[in-house]
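Whole structure, please, built from the sequences with the hints as guidance.
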Amino acid sequence: MATLEIKDLHVSVVSEDAPKEILKGVDLTIKAGETHAIMGPNGSGKSTLSYAIAGHPKYTITSGTVTLDGEDVLEMSVDERARAGLFLAMQYPVEVPGVSMSNFLRTAATAVRGEAPNLRHWVKEVKGAMADLDIDPAFAERSVNEGFSGGEKKRHEILQLGLLQPKVAILDETDSGLDVDALRVVSEGVNRYKASGEVGVMLITHYTRILKYIQPDFVHVFANGRIVESGGRELADQLESEGYVKYTGKSEAAAIS
Amino acid sequence: MAALSTQPHSHGAVVPVASRAEHFTSYDVDAFEVPGGREEIWRFTPLKRLAGLHSGAAATGSAAVEVNAAAGVTVETVGRDDDRLGKAGVPGDRIAAQAYTSFEQATVVTLPGDAKSEPTTVTVTGAGEGQVAYGHLLVKAAQFAEGTVVVDYRGSGAYAENVEFVVADGAHLQVIAIHDWADDAVHVSQHHVKLGRDASIKHTVVTLGGDAVRITPVVQYAGKGGDADLAGLYFADAGQHQEHRPFIDHSQPNCRSNVVYKGALQGEGAHTVWIGDVLIRAAAEGTETYELNRNLVLTDGARADSVPNLEIETGEIEGAGHASATGRFDDEQLFYLQARGIPEDQARRLVVRGFFQELIAKINVPEVRERLEAAIEAELEAVGA
Chain A
1 MATLEIKDLH VSVVSEDAPK EILKGVDLTI KAGETHAIMG PNGSGKSTLS
51 YAIAGHPKYT ITSGTVTLDG EDVLEMSVDE RARAGLFLAM QYPVEVPGVS
101 MSNFLRTAAT AVRGEAPNLR HWVKEVKGAM ADLDIDPAFA ERSVNEGFSG
151 GEKKRHEILQ LGLLQPKVAI LDETDSGLDV DALRVVSEGV NRYKASGEVG
201 VMLITHYTRI LKYIQPDFVH VFANGRIVES GGRELADQLE SEGYVKYTGK
251 SEAAAIS
Chain B
258 MAALSTQPHS HGAVVPVASR AEHFTSYDVD AFEVPGGREE IWRFTPLKRL
308 AGLHSGAAAT GSAAVEVNAA AGVTVETVGR DDDRLGKAGV PGDRIAAQAY
358 TSFEQATVVT LPGDAKSEPT TVTVTGAGEG QVAYGHLLVK AAQFAEGTVV
408 VDYRGSGAYA ENVEFVVADG AHLQVIAIHD WADDAVHVSQ HHVKLGRDAS
458 IKHTVVTLGG DAVRITPVVQ YAGKGGDADL AGLYFADAGQ HQEHRPFIDH
508 SQPNCRSNVV YKGALQGEGA HTVWIGDVLI RAAAEGTETY ELNRNLVLTD
558 GARADSVPNL EIETGEIEGA GHASATGRFD DEQLFYLQAR GIPEDQARRL
608 VVRGFFQELI AKINVPEVRE RLEAAIEAEL EAVGA
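Residue numbers (the numbering used here), protein chains in the order written: chain A, 1 to 257; chain B, 258 to 642.
Think of the hints as simulated: they come from the structure by calculation, not from any bench. Any given hint might turn out to be false.
[Said to hold, decoys possible] Each computed DMTMM-like pair below joins lysine to aspartate or glutamate, with the alpha-carbon atoms no more than 25 Å apart:
#1 A:Lys-20 - B:Asp-588
#2 A:Lys-58 - B:Glu-601
#3 A:Lys-167 - A:Glu-71
#4 A:Lys-194 - A:Asp-181
#5 A:Lys-58 - B:Asp-371
#6 A:Lys-31 - A:Asp-181
#7 A:Lys-167 - B:Glu-601
#8 A:Lys-7 - A:Glu-198
#9 A:Lys-153 - B:Glu-386
#10 B:Lys-619 - A:Asp-72
#11 A:Lys-58 - B:Asp-557
#12 A:Lys-153 - B:Glu-589
#13 A:Lys-153 - B:Glu-615
#14 A:Lys-58 - B:Glu-615
#15 A:Lys-167 - B:Asp-371
#16 A:Lys-58 - B:Asp-587
#17 A:Lys-194 - A:Glu-34
#18 B:Lys-481 - B:Asp-371
#19 A:Lys-58 - B:Glu-589
#20 A:Lys-20 - B:Asp-587
#21 A:Lys-58 - A:Glu-21
Next up, the structure:
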């Protein structure tokens with residue numbers, strides 16, 4: 001039973017002059033089998049939370065702890081975190097020119113699984129996973145994310161999620177920039193991952209629309225660097241109709257009108 | 258119908274002090290003054306490390322030239338008086354003129370006309386540590402010839418030379434010059450490419466070894482429809498100086514050129530210089546040209562200079578553009594790969610390999626391609642990157 005435990009997490013970003021505190025004491029526990037939606041207005045620190053857990057060098061942890069099954073995540077390098085079973089589907093996946101998607105996927109799978117996947121099985125596995133996400137097989141020979149549309153990048157993030165099978169997945173605004181069809185395909189991919197085993201999901205989103213496809217067990221409202229309210233599905237419905245005004249003092253919709 | 262397009266670039270092209278058209282050339286070494294280091298064409302070059310090639314050092318030995326010729330390809334060793342020599346271009350700096358004045362024997366490799374030949378390899382081995390040598394190589398592709406010549410430089414010592422590539426009408430020549438010198442080697446070379454009507458050259462320079470290496474490839478067009486693709490791939494380690502100065506002289510109408518040089522640098526004192534000159538003369542209507550230089554700086558203490566120069570004397574061209582960028586290792590790429598479980602050293606290697614991939618993919622001699630891939634791996638291993 002995988003458990004990601006975040007306790008009193010404070011994170012700063014190094015800006016031009018002084019470090020700026022963005023996360024101001026985040027407490028959150030995600031257990032296997034649970035899906036937690038983190039909802040919040042722009043600039044509330046949602047993405048910082050995801051990058052800090054993944055270990056992006058831009059962010060400094062000033063206090064607090066993050067553990068995965070009791071292991072100190074903050075002591076691990078970025079790649080160790082991934083091999084320990086954490087996965088971050090990024091809001092803006094990075095282009096890596098000259099490295100083919102197929103080479104990248106195989107290298108990543110080899111690293112995470114601890115051994116090179118059997119070539120014949122692997123080719124079949126990737127083909128099937130790509131077909132499930134309506135990805136043209138030609139993408140396998142293209143450079144990682146290079147020249148991909150926003151939707152294509154997101155599909156490939158979910159492709160990696162399915163192939164790498166982490167214990168806990170953090171999806172950072174995976175729904176942003178997706179049209180209706182792509183949102184459905186990507187959500188189905190996430191649901192397949194959820195159904196595949198005892199895994200935990202942290203679903204970061206600004207809007208409630210992805211929650212029509214991916215059922216959250218818990219909904220947390222994120223504002224000004226921490227979780228300010230937690231509840232069930234009904235909290236999302238409330239955000240849908242009232243927006244974030246209650247938490248931020250200014251009107252910002254959580255639903256697309 | 259004039260279409261002048263300038264591609265986006267990271268900084269402006271420098272307008273040269275004097276037009277490239279007025280650049281002095283001569284076969285005679287004494288026509289050049291001994292450079293002091295401040296001259297425009299020498300200001301990036303560490304003259305003190307050139308073993309006197311620029312100041313009249315006499316030959317103390319000779320480089321060994323060995324040719325593994327494909328069927329149908331002829332190889333000759335000729336004297337200075339052979340009247341085929343020196344036709345592709347005139348030496349453009351004192352060292353090229355010194356080499357032209359000093360060589361005793363030249364190697365002439367001729368690809369047969371109207372035929373396709375397998376790759377031919379010319380291996381040049383330096384005269385040895387502390388030795389100075391001069392040489393001359395002429396590669397001729399006869400009319401409608403099609404083939405590849407690999408020139409492989411190895412060994413020690415100082416070596417200056419002129420290399421001529423005379424590509425006759427309708428011929429297609431691929432050249433790969435690999436500078437895989439020992440650590441002490443000093444190499445200064447001018448390549449003279451002369452393209453006939455509808456002729457093409459794919460010219461690739463690879464620079465890995467040596468203490469100081471300076472290569473000046475010059476392309477001239479003798480007729481319409483010429484097509485030159487120049488590529489460069491270099492990897493400079495601590496203390497190495499690698500300088501590449503391609504010059505495309507568009508003097509004929511309806512010709513094309515494309516220049517892509519990419520380099521990686523690592524270690525204290527690693528220095529690369531890329532000066533890319535393109536001149537489109539008034540007569541060269543319908544020219545299409547693009548030049549690009551990218552440098553990847555992997556560690557502190559390394560320096561990449563990159564200067565594209567584009568001179569256009571006619572508005573009646575198809576297109577002309579250039580781009581140059583020198584960047585640090587991209588931390589975001591590294592983060593992305595590591596976030597998928599790939600260890601840092603492996604991630605760095607993937608990124609660097611990816612950086613060179615577009616150039617390596619174009620090399621259609623499998624042994625050479627594999628050797629370059631292995632060489633890049635070895636470079637990365639060397640610093641534990």
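Consistency of the hints with the structure:
The hinted pair formed by A:Lys-20 and B:Asp-588 meets the criterion: a straight-line CA distance of about 21 Å does not exceed 25 Å. Our distance criterion of 25 Å between C-alpha atoms is met by A:Lys-58 and B:Glu-601, whose separation comes to about 16 Å. For a cut-off of 25 Å, the pair hint linking A:Lys-167 to A:Glu-71 stands: about 13 Å separates their Cα positions. A threshold of 25 Å between alpha carbons decides the hint, and for A:Lys-194 with A:Asp-181 the separation of about 20 Å falls inside it, so the pair holds.
About 60 Å separates the Cα atoms of A:Lys-58 and B:Asp-371, which puts this hinted pair outside 25 Å; it is violated. The hinted pair formed by A:Lys-31 and A:Asp-181 fails the criterion: a straight-line CA distance of about 30 Å is larger than 25 Å. With a C-alpha separation of about 22 Å, the suggested pair A:Lys-167 and B:Glu-601 falls inside the 25 Å cut-off, and the hint holds. The hinted pair formed by A:Lys-7 and A:Glu-198 meets the criterion: a straight-line CA distance of about 22 Å does not exceed 25 Å.
Among the hinted pairs, A:Lys-153 with B:Glu-386 is inconsistent with the structure: their alpha-carbon atoms are about 54 Å apart, more than 25 Å. In summary, the hint linking B:Lys-619 to A:Asp-72 is not supported, as the alpha carbons are separated by about 46 Å, beyond the 25 Å threshold. A C-alpha spacing of about 19 Å is found between A:Lys-58 and B:Asp-557, which places the hinted pair at or below 25 Å, so the restraint holds. Simply put, A:Lys-153 and B:Glu-589 have alpha-carbon atoms about 16 Å apart, close enough for the 25 Å limit, and the pair holds.
The suggested pairing of A:Lys-153 with B:Glu-615 holds, with an alpha-carbon distance near 22 Å, which does not exceed 25 Å. For the given pair, A:Lys-58 sits about 30 Å from B:Glu-615 by alpha-carbon distance, which is inconsistent with the 25 Å threshold. Distance hint between A:Lys-167 and B:Asp-371 is unfulfilled; the C-alpha atoms sit about 64 Å from each other, more than 25 Å. Under the criterion of a C-alpha separation no larger than 25 Å, the hint pairing A:Lys-58 with B:Asp-587 is consistent with the structure, at around 13 Å.
For the given pair, A:Lys-194 sits about 9 Å from A:Glu-34 by alpha-carbon distance, which is consistent with the 25 Å threshold. Our distance criterion of 25 Å between C-alpha atoms is met by B:Lys-481 and B:Asp-371, whose separation comes to about 19 Å. Our distance criterion of 25 Å between C-alpha atoms is met by A:Lys-58 and B:Glu-589, whose separation comes to about 10 Å. The suggested pairing of A:Lys-20 with B:Asp-587 holds, with an alpha-carbon distance near 24 Å, which does not exceed 25 Å.
Only pairs whose Cα atoms come within 25 Å are accepted, and A:Lys-58 paired with A:Glu-21 is accepted, the gap being roughly 12 Å.
Taken one by one, the earlier hints fail for this structure at numbers 5, 6, 9, 10, 14 and 15, listed in ascending order.
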